[in-house]
Structure formats: C-alpha cells, structure tokens
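Novice: Residue strings, one per chain:
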Amino acid sequence: MDRLNANQPLDYKKKNNPKKAPSIWRDAFHRFLKNKYAILGLVILTFMFLFSFVGPYFSPYLDAKIDVSKGNQPPSAEHWLGTDNLGRDVLLRLMLAGRISLTIGIAATLIIILIGGTLGSIAGYYGGWLDVIIMRLADIIYAMPGLPILIMLGAIMSDLKIPPSQRIYYVMFILGFVSWVGLARLIRSQILSLKEQEFMLATEVLGLRDSKKIIKHLFPNVLPTVIVSATLGVASSILAESALSFLGLGVIPPTPSWGYMLSAANNMIDFAKRPWLWIPPGVAIMFSVVAINFIGDALRDAFDPRQKI
Amino acid sequence: MSEPLIEVKNLKKYFPIRGGVLQRTIGYVKAVDGVTFTINKGETLSLVGESGCGKSTVGRTIIRLYDKTDGEVFYKSIPIHSLKKSELRKLRPKIQLVFQDPFSSLNPRLRVGDAIGEALLDHGLISKNELRDKVIETLEICGLAPYHIDRYPHEFSGGQRQRIGIARALILDPEFIVLDEPVSSLDVSIQAQIINLLMDLQQQKGLTYLFISHDLSVVEHISTRVAVMYLGSIVEMAARDELFDHPLHPYTQALLSAVPIPDPDLKRERIILEGDIPSPANPPKGCKFHTRCPIAKDICREQIPEYKDVGGGHFVACHLV
Amino acid sequence: MAKNIVEFRNLKTYFYTEEGVVKAVNDVSFSIREGETVCVVGESGCGKSVTALSLMRLIQSPPGKIEGGEIIFDGRDVLKLSEAEMRKIRGNEIGMIFQEPMTSLNPVLTIGEQLMEPLMVHKFMSKKEAWNKAIELIKQVGIPRAEQIMTSYPHELSGGMRQRIMIAIALSCDPKLLIADEPTTALDVTIQAQILDLLRKIKQERNMALMLITHDLGIVAEMADYVVVMYAGKVIEEAPVRELFKNPKHPYTRGLLKAKPIIGKRQDKLYTIPGQVPNPIGLGNYCYFSDRCEYAMDICRQKIPQLTADENGHKVACWLYEGEWKK
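Residue numbers (numbering that gives the first Met the number 0), protein chains in the order written: chain X, 0 to 308; chain B, 0 to 320; chain C, 0 to 326.
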C-alpha cells in the first residue's frame, strides 16, 4: 500500500541548502548505506579484491619453483590450505585465481551491458526496421546452443595457439558476446512498456528534447533492470568461466582461475581425499557471488524512491 | 462572440489493424472519422461519449500526439499537423494536455519539482536560479504546499497527483489545454476540488479548454459548449444550456436519460438503449447509430445523415430532426 | 417486517502492512433484510469492499485478518464456519459480482462451462440439466442467442455482456443474497442503465436481497431501499434511502451530496469537502472526519462518536447530534 505521507511536512535534514532538491544520487547513497546486506556484500567483495590483488605479495611462495616432492600436502602451518599435486601453495593459487575470475566476471558483465544495453535501447526506443534487425540477430544468437558454441570457440583458441596469458581476454569477450541477448531483450521490452506509459506521452506534450526524454525519464526507469541483471551477470560469468575451465576450454594452466581449481573435484581421488584443493575455490566463488548479489539488490532498492530512507 | 483559438477541420485518425505473419495492415479502426469544430478563446468545449467513441483520440490528435490521417488542426491559424518537428516543439508549451490517470502520467523516479519544472528549463523559458521559486508559486496556485516540491509522486494521493499534472501544464503558461478525463478516476469529494481548481484557473488566466469526459453531470457543470461523439463522429453539438435542455439527437437523449440522479423521489422516463456499441473497426452503414436507435427508419440504415446547423449554432446529424 | 438475512456485528478486518496496521473495517455493524437492497456507499479506501469480502471470507491472509466481530448470515456466524461449509455458501447462498467483468471470467473456458460449473457442484445437476438451466439464465439476463453464447469465450463478448454473464453465474444457484461490488463502474452510462435495470428486475422477481457497493450517489438513489455510508473504515450514517437523501445528517454525507454536480441543476461553484481521506495507518481516538469537517468541535478531536439512532431509525455517528437525543 502506498504511504501517502506527502502531507507530513517534516524530516528536513538538509536545511542548510533549501534552495536545491537533494540529489537522487545522495538519496540513493543514503539508502544504500542503510542496507545491512549491502554493507556486508561490500565488505566481502572488498576483502575478495584485496585478497586477490594485494594478497599474493604477502605470500612467501610467490617466486617458489614447482617442487613435486612437496605435492599434495594437507593444510599445515606452512601451507595454510595445503599444496596441489605440483607442490604449489593452494592459498597463493587461490589469490591469483581470484584476479582472473573477478576480472572475467566484471569485464564480461560490462561487455554484456554495453552491447545488450545499447542494442536493446535502440531496438526498443526507435523500433521499426532497426528493431527487426537487432531482434532477429538476437534470435539467431539465442537459438545457438550456448555450451557447444563455447566449446567450439575454446577449441578454436587452442588451435590458434593463443598464449595462456591472453586467453582471459578472449574468454571475457566470448562470454560477453554470447550473453548480451537476454539483457537486450529485457531492456527492449521494458522500454516498449515504458513508452506506453502516460508519463512518456507527457514528455512529448511538454516538448522535451529527445536527449532529456531518454536520460531523465527512460534511463532511470530501466536502471533497476540493468543493475539486477548485471549482478546476476557477474555471478553467472564467474560460473561460466568455471564451467569453461572445468571443461579445459577457458584459462589454461599454469594460469589459475577459481573455476579451473574447482575442476580438481573432477578427479575422484582429489575429490575424496584432498578436499583442500576444491573446497577453497568453491567457497570463494560462493562468497563473491553472494556478495555481488547483495550489492545489486541494494543498488536497485537504493534507486527506488518508494523505498524508505 | 470571441475569436476561434482552435479550428479542427474534417479531422480523421485511423489506426491500422495488423494481422497475419507479416503484420500487414488488414483493416483500420476509424477512431476519428471526420470531425469539424472550433474552440473559441476562453471557452470550454466538452467532448462527451462512451468508451471507444474516439473522444480521447480527438484530443490527442489535435495536439499532434498522434499524426492525423486526414484533415487539419489550426491553432491561431497555424496548421499544427504541417509544422516541422522543431517548430512543433517550440509550440508545445502553448498547447498542453492533462492526462486521465494521475498514477501513470507521472514518472515515479522524478521529484515533483523536477516533473513540473523540467519543461520550462528545457525550453529555455527560465533560468535555473528562478526555477525553484516559479515551481513553488505554481504548486501553491494548484493547491499544493511548497514543501511538496522535493517529494516523489508515490507519496501523493490521486487528487494531489492530478494537481501536480495540472501544475506541470500550467507552469508553461499555455493558452489551450486538453483535459482528458481529468476527474474520472477521482472520488467525488476530490473531483469537486479539481473541477473548481480548473474553473478558477480558467477565469484567472483566460485559458481555453477541451474537456473530454464520459460524465455528463460534470460536463454540464464545466462546459460552455458540448459536442457528443458516437463511433468517431460528432452527432450533436450545441451551447451547454441548449444541449441539455433541448437535446435533439436520439443518442444524446438516451445518454442524458441514462445518468443516475441522486434523488430517490425522482421518477424519470428512461430511454434504455438496446445492445452494445458496435466496433469502430466495422461501423454500421448509414447512420452509425441506427443499430441502437429506438426510432430508426429505413433511411437511417442507408444514408449517412448530414451534420447540419438547425439554428443558433446547434448542430446535429440525424435524418429525423 | 422481514427478518435479517445478514447482520454484521462489530466487524473488524485489519490489514497488517509494513507501515502499520490498516483498520480497513473498523467496528462495523449493520444488517440487510430479506428482499432488501442495501447500498454501501463511500469513497475508495473506506472499507466498503472489504466488508463484503469479509462476509464471503475472501480476505487475503496475510496481510488481511478478520480480527473480531460476527457476521450472521441466515442464522449462522460465517466467521465460525469451516472452509468446507463456507464453500457451500459462496456462489450458492450468496452470489457475488465484481467491478471488472474483464478479469472475473476465466478466459480459457467457454461461457457455458463457467455457467454450468456452479450448477453441477452446488445443485448436483447433470450436465444436461445444467445446460438447460444455463440457457434459461442467459435468457433471463437479457442476452439473445443463448445457445451461441454458451459456446463463446469471454473475449468474444463486450463488457456489458460479460457483466450480464457474471450476474447469470451469480444467480445460477438462486442465492438469498447478491453482493454487487461496483458492478457498473467499468461500464458506459448507457450500458450501466441496462445493468441496473436488470439488477432491479431480477431482484424483484426473486425477492432476493442485494448488497450494492458503489461510490455513485445517483445509483444509490435509484437502487437502494436502505443506505449505509462509510468513511475511513467506519459506518458514519445509515438510513432508509428517502430519509437519507431528504435529511442527510453527517457533514460528510451532506458534503458528498453537495459536491456532486447533478444533471439539470446548474450551479456556479461546486461545494467541496476540503482536504482528503486520512492516512489509514495510526488513526487515533477521534472522529476521522474531524480534520475535514467545517463543524468540528473540541470533542470531535478527542473521542470517536458512536452510531446512534433517532426516533425514525436514522443512525448517525456525529457529535453534532449527540445533544439532541439526550434531551
């Protein structure tokens, strides 16, 4: 039920500047900070970033050589999370893998938003033949089965002998390219329904410029959809990279990624006898994904004026 | 009599019906099928009719929210439908529209102050510094309080939102406002407040209204002249008193007699029309009303009646008048 | 005098929302007699629909909950009945039609199926009997070509036709009471006239009680025998229709009557009730209309007035009249 509280003239904390309306960003920021889950998500995610990008410099094993004789050791005071079959420190591997996985997750999502957002908006706003072309293209990509495509592209990358250090960029791009369709469709349908709303007709009656119609009226109403699907996108990109690596198609050794590390569980013996190899990356993925989802939900609510401050 | 502000000449608006795999046009909904009228400066012309009669489409086509199919609309002799887009944009502030639905006509993510003030700023009609004072002044004219300026639409009731919608139009200092069922979704006690506000504003600012409504009692209260629409055409148009005291078209008569009157002792002879309104995609031949008309003759089924002046600016389209 | 078919006694239906408790129906008592048309009138949010839904036990829970009171229907307290017993009353002893004829019919079933279903469930009719009865009902609600309508789907009918079908369904089991919740609000005036005419006719033929919920005082004047006026979850006035229109007592009722433009009575300026309906959350111990009332006195802001009857049976909840009866 709506709270019709417009008639209670109080709650003016911003008395110092009554000449100006409090900005929507400031309100959103306040709402965001009030959300416990948002803070929790932010803390976890910050920790994951520090862990991945700064953590390795504190590891004594950064320059260590492969030493098979120290392989497959369970966690100990020396190796907190044990070592893998080549004697590498799992904790260090986990940190380095985080760099890759987090980068892929976020970058792939940015690519999805860029392609999907732009094409979806154009299709929805202008309609006509542009809409037809974009949407048919989306249909084609959508109709192609995802995993076989990824496998195919992975195989092509292997054939082209792309160096492992660069593969990550290709993986990001591939993930972005095959997943923009969902977002584009979502945004297009949102814009189509928004265009039917009377307040969009009202902008025409008022004679507003197109740029203003889009930036002030269309964009803020599409934003929540983008935020939510972006956060889901980060999570699913991390997971998709895991799947690719699991199949040996994503990042390849020696570069680690959480997904690749997780594929240790593929091996019956590792799975049964050496849980320190696959539990830590699993936990890392889970925490990052949950944290990003918390932040996404909080952002969506933060930009909704119907939520209490 | 004062000079005409808006002249509508044989305006037609057909919406294509698409069908089939290729979405080809397979027919037309003749929402507005040739209407002609003028609105004089400072008066309120009401368009009444039932749902689907095309009254809202007329309102929206007049201000070119929809492109016409045929005919022309003149605002102070400027042909609105022949203007370039940039010229039309410059004209926009002068011809405004207030929507029916106070909920969907306001952007939920825009503060009331922004919603009201943005167009003024966008047209360069005011500086940023003066804007806030101007918005507050307009809010107060429309019966809202200055502190409402930083609120969001969801914090307001339907009646207050309608005031915001009116303020949004009013701040541009328009000459002509299309009021598209502005009180239909409001409760009786709030409805009276909005009607009074609209009439006060008209008096103070010399506004000209096109008032679109299905509620005859409200129309009788607010109008200078009234036009009755049925299936895309005007069937009768006259000055308010003339139309309500001497309705000539059988449809107008039936409409008037169908309105419930809050007086339990009043026993009226009621004309109850048979059947439903035909689809505007496939209107009846001859007089469009003949399928429901209690006094239809053979001629009504064959010939379209002429829309003629029967004296004193009382227009009617009926063979039997 | 005919006996009561429904009696609401101190009904309280609350909704528990995030912002607080909404007392949608707040201590409401009134009754409907056999064969009588009672109009419940009020503005949106006054609790008129919730009162009817409480009788049908159709309150969504959560957030809604019937917190107290009794609703005696035909000698039984419906609030104490089991869900199974309630199903026997719904659609059988009490029929209900809603505002939106568009959404109250199932779009994937034919009109015939929807008409025959209650007959077969409640009246244990065979398919053949139900079919014949359904055709008879369609004819009764004034729709020609009944056989053809039986096999049509809802989208093939106009709004007015659908509302007629809704009435036919509601009538199918010969209910003792028909609840009509804003039955004509979504319809055009000429169609509204048809539907009101139909309701009046069938009510007379069947000697059925009609609880008509509306915001339109014109409809009240035309249809009602007895009127109940609600405001912010409370009954503030009730009286026989002539008495109410001739001698409205509560300032809100009077304001409503004056605020509505009436055909044939031209006036320069409409009377308005200032302000708006109060926020339903956290209403205190005072007359809820007091902040909009031009006659408000100190006591109005301190105590809730009780519904009290005068010698003509005209009940009003207003402190203005408290003195009169004490004399």
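What the hints contain is simulated information worked out from the structure, not anything from laboratory work.
Misleading hints may appear alongside valid ones.
[Stated by the list, open to error] Beta-carbon label-pair distances, calculated as ranges:
hint, chain 1, residue 1, chain 2, residue 2, range
1, X, Ile155, B, Pro15, 31 to 37 Å
2, X, Met151, C, Pro106, 42 to 48 Å
3, X, Ser192, C, Ile134, 40 to 46 Å
4, X, Gly126, B, Ile298, 55 to 61 Å
5, B, Asn281, C, Ile134, 24 to 30 Å
6, B, Pro15, X, Phe218, 44 to 50 Å
7, B, Pro145, X, Ser192, 30 to 36 Å
Glycine is no exception: its CB is placed at the ideal position from the N, C-alpha and C atoms.
Novice: Look at each hint and say if it fits the structure.
Specialist: Checked hints:
1. X:Ile155 - B:Pro15: 31 to 37 Å: violated (47 Å)
2. X:Met151 - C:Pro106: 42 to 48 Å: holds (44 Å)
3. X:Ser192 - C:Ile134: 40 to 46 Å: holds (42 Å)
4. X:Gly126 - B:Ile298: 55 to 61 Å: Violated: the Cβ-Cβ distance is about 46 Å, outside 55 to 61 Å.
5. B:Asn281 - C:Ile134: 24 to 30 Å: Between Asn281 of chain B and Ile134 of chain C, where Cβ atoms are some 28 Å apart, the hint holds.
6. B:Pro15 - X:Phe218: 44 to 50 Å: Once the Cβ atoms are compared, 31 Å apart, the range 44 to 50 Å for Phe218 of chain X and Pro15 of chain B is violated.
7. B:Pro145 - X:Ser192: 30 to 36 Å: holds (34 Å)
Against the hints set out earlier in the document, violations occur for numbers 1, 4 and 6.
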